[in-house]
Every structure is written in C-alpha cells, then in structure tokens.
Amino acid sequence: GESVGLHLPTLSVQEGDNSIINCAYSNSASDYFIWYKQESGKGPQFIIDIRSNMDKRQGQRVTVLLNKTVKHLSLQIAATQPGDSAVYFCAESDRGSTLGRLYFGRGTQLTVWP
Amino acid sequence: DAGVIQSPRHEVTEMGQEVTLRCKPISGHNSLFWYRQTMMRGLELLIYFNNNVPIDDSGMPEDRFSAKMPNASFSTLKIQPSEPRDSAVYFCASNRRAGVAGELFFGEGSRLTVL
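Which chain is which? The protein sequence lines are A and B, in order. FYI, in the numbering used here the residues of the first sequence are 1 to 114. FYI, in the numbering used here the residues of the second sequence are 1 to 115.
Rather than coming from a laboratory, the hints here were simulated on the basis of the structure. Being a predicted model, the structure only gives us computed values, none of them experimental. Check the hints yourself; a few may be wrong.
To be verified - Below 30 Å or equal to it, Euclidean Cα-Cα: the simulated DSSO-like pairs (lysine-lysine) are:
hint: 1; chain 1: A; residue 1: LYS42; chain 2: B; residue 2: LYS68
hint: 2; chain 1: B; residue 1: LYS24; chain 2: B; residue 2: LYS68
hint: 3; chain 1: A; residue 1: LYS42; chain 2: B; residue 2: LYS78
hint: 4; chain 1: B; residue 1: LYS78; chain 2: B; residue 2: LYS24
hint: 5; chain 1: B; residue 1: LYS68; chain 2: B; residue 2: LYS78
hint: 6; chain 1: A; residue 1: LYS42; chain 2: A; residue 2: LYS56
hint: 7; chain 1: A; residue 1: LYS42; chain 2: B; residue 2: LYS24
hint: 8; chain 1: A; residue 1: LYS71; chain 2: A; residue 2: LYS56
hint: 9; chain 1: A; residue 1: LYS56; chain 2: A; residue 2: LYS68
To be verified - Distance windows between CB atoms, simulated:
hint: 10; chain 1: A; residue 1: ARG61; chain 2: B; residue 2: ARG22; range: 31 to 37 Å
hint: 11; chain 1: A; residue 1: GLU39; chain 2: B; residue 2: ILE5; range: 16 to 22 Å
hint: 12; chain 1: B; residue 1: VAL100; chain 2: A; residue 2: ASP55; range: 18 to 24 Å
hint: 13; chain 1: A; residue 1: SER26; chain 2: B; residue 2: VAL100; range: 19 to 25 Å
From the three backbone atoms N, C-alpha and C, an ideal C-beta is built for every residue, glycine too.
I would like the entire structure built from these sequences, with the hints used as guidance.
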C-alpha cells in the first residue's frame with residue numbers, strides 16, 4: 001500500500017492548454033484516492049477525491065479518472081492557468097484496513113507558462 | 001473557520017537542541033497526522049492519532065522523535081536531540097472521521113533547520 005508513484009516528475013504546459021498528471025498505485029485493495037495541490041511554502045490542499053466504485057469524477061476545471069484494471073489515476077486540469085503551477089500529489093487508501101491512513105506519491109511539479 | 005494551526009512556522013536551531021512543534025487541529029476533527037516533507041523522501045507519515053490515541057508510530061524515524069496528543073485540540077512533535085538530518089518541513093493534518101480515510105486538512109507547516 002505504500003507504492004504510490006508518478007510517471008512524470010515535472011510537467012510544463014502553456015497557459016490555456018489542458019494538463020494531465022498521472023499516478024500509478026500498486027495496492028489493488030485501495031478503494032479511495034485523493035489529489036492534492038501544494039503551492040510553494042504552503043501545505044497540501046485538497047483538490048478532488050474518488051472512490052473505487054467510480055471511474056470518473058469532475059470538479060471545477062478538474063477531472064479525475066480511475067482505471068482500476070491497470071491501477072492508474074490521472075488528474076486533468078482544463079484551461080490551465082498560472083495559478084495552477086504547483087506540486088500535485090496523489091494519495092490512496094484501503095479504507096477497510098488502514099484506519100484512516102493515506103499513502104502519498106512523490107508528486108509532480110506542474111509549471112504553467114504564459 | 002480556522003484551519004489547522006501549526007507553530008512555529010520557522011525554526012532554526014543547533015544540533016543537539018530540543019525542538020518542539022505544535023499543532024492545533026480543526027475543531028471537531030478526530031484524527032491527527034504528523035508528516036515530514038523533504039526533497040529526497042517526499043511526504044512521510046510519522047505518526048497519527050485517532051481520538052487522541054496513537055495508532056501507528058512506525059514512521060517515527062528514531063527514539064529521538066516523540067509525539068503526544070494530550071487532548072483533542074492540541075498535539076506536539078518533539079525532537080530531542082535534534083540533528084541536521086532532521087531539517088525538513090513538518091506538517092500536521094487533521095481528518096474529520098477517525099479511522100476512515102478522507103480529506104486531510106493540512107496546516108501551513110513548520111520549517112525546521114538544524115545547523
């Protein structure tokens with residue numbers, strides 16, 4: 001349950017483009033996933049979550065996709081803005097056994113160019 | 001509403017000194033987590049409490065680290081004696097429901113530098 005990783009450590013996009021940040025997890029028992037955004041000098045902030053009984057969930061300008069078959073999670077940000085520049089973390093949990101613990105990935109640095 | 005409050009925000013100390021970091025979780029939250037963040041290791045869970053009871057302290061690196069939660073509104077993380085490799089940002093986070101993974105609310109962190 002502790003092997004949550006990211007395909008790309010850095011991602012650079014132009015303002016207005018869509019961003020896709022990927023995350024792989026290894027625990028097939030994980031049934032709850034969260035994306036966090038961390039701006040420089042601040043604590044991580046919740047973006048969106050998804051339970052394993054869903055494949056897709058949408059928020060404001062963000063969409064999370066879950067592919068349980070290949071244990072892959074992605075965060076899509078539409079019309080990326082300079083304020084989206086941050087480190088993005090995925091986190092997973094097996095809610096049946098981990099007593100509330102979340103396992104975090106290493107993070108992806110998103111840089112948005114004007 | 002006040003979020004998770006941590007103090008101090010920054011601390012610079014010398015090797016061998018005692019360091020105490022403090023956290024006030026969001027009122028009504030029943031779980032509290034201490035994380036350490038470094039460039040090399042990312043976010044590491046040190047210890048977490050459910051209803052003020054320590055559940056898992058396997059992430060505490062050494063006996064030099066200790067954490068307490070004497071009541072629902074206060075927790076401390078103590079390092080004694082501190083070493084340069086303890087330099088990191090320490091985050092406290094709280095969760096509304098004890099024992100059920102959900103949205104963690106993080107504080108702004110305490111940046112520790114041990115010289």
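Hint check:
About 24 Å separates the Cα atoms of LYS42/A and LYS68/B, which keeps this hinted pair within 30 Å; it holds. The suggested pairing of LYS24/B with LYS68/B holds, with an alpha-carbon distance near 12 Å, which does not exceed 30 Å. About 22 Å separates the Cα atoms of LYS42/A and LYS78/B, which keeps this hinted pair within 30 Å; it holds. For the given pair, LYS78/B sits about 15 Å from LYS24/B by alpha-carbon distance, which is consistent with the 30 Å threshold.
For the proposed pair LYS68/B and LYS78/B, the alpha carbon gap of about 9 Å is at most 30 Å, so the pair holds. Distance hint between LYS42/A and LYS56/A is fulfilled; the C-alpha atoms sit about 28 Å from each other, no more than 30 Å. Only pairs whose Cα atoms come within 30 Å are accepted, and LYS42/A paired with LYS24/B is accepted, the gap being roughly 17 Å. Simply put, LYS71/A and LYS56/A have alpha-carbon atoms about 14 Å apart, close enough for the 30 Å limit, and the pair holds.
About 11 Å separates the Cα atoms of LYS56/A and LYS68/A, which keeps this hinted pair within 30 Å; it holds. Separated by about 36 Å at the C-beta atoms, ARG61/A and ARG22/B satisfy the suggested range of 31 to 37 Å. The beta-carbon spacing between GLU39/A and ILE5/B, approximately 18 Å, falls within the hinted interval of 16 to 22 Å. At about 22 Å, the CB distance of VAL100/B to ASP55/A agrees with the hint of 18 to 24 Å.
At about 22 Å, the beta-carbon gap between SER26/A and VAL100/B stays in the expected band of 19 to 25 Å.
Violated hints for the displayed structure: none, as all numbered hints are satisfied.
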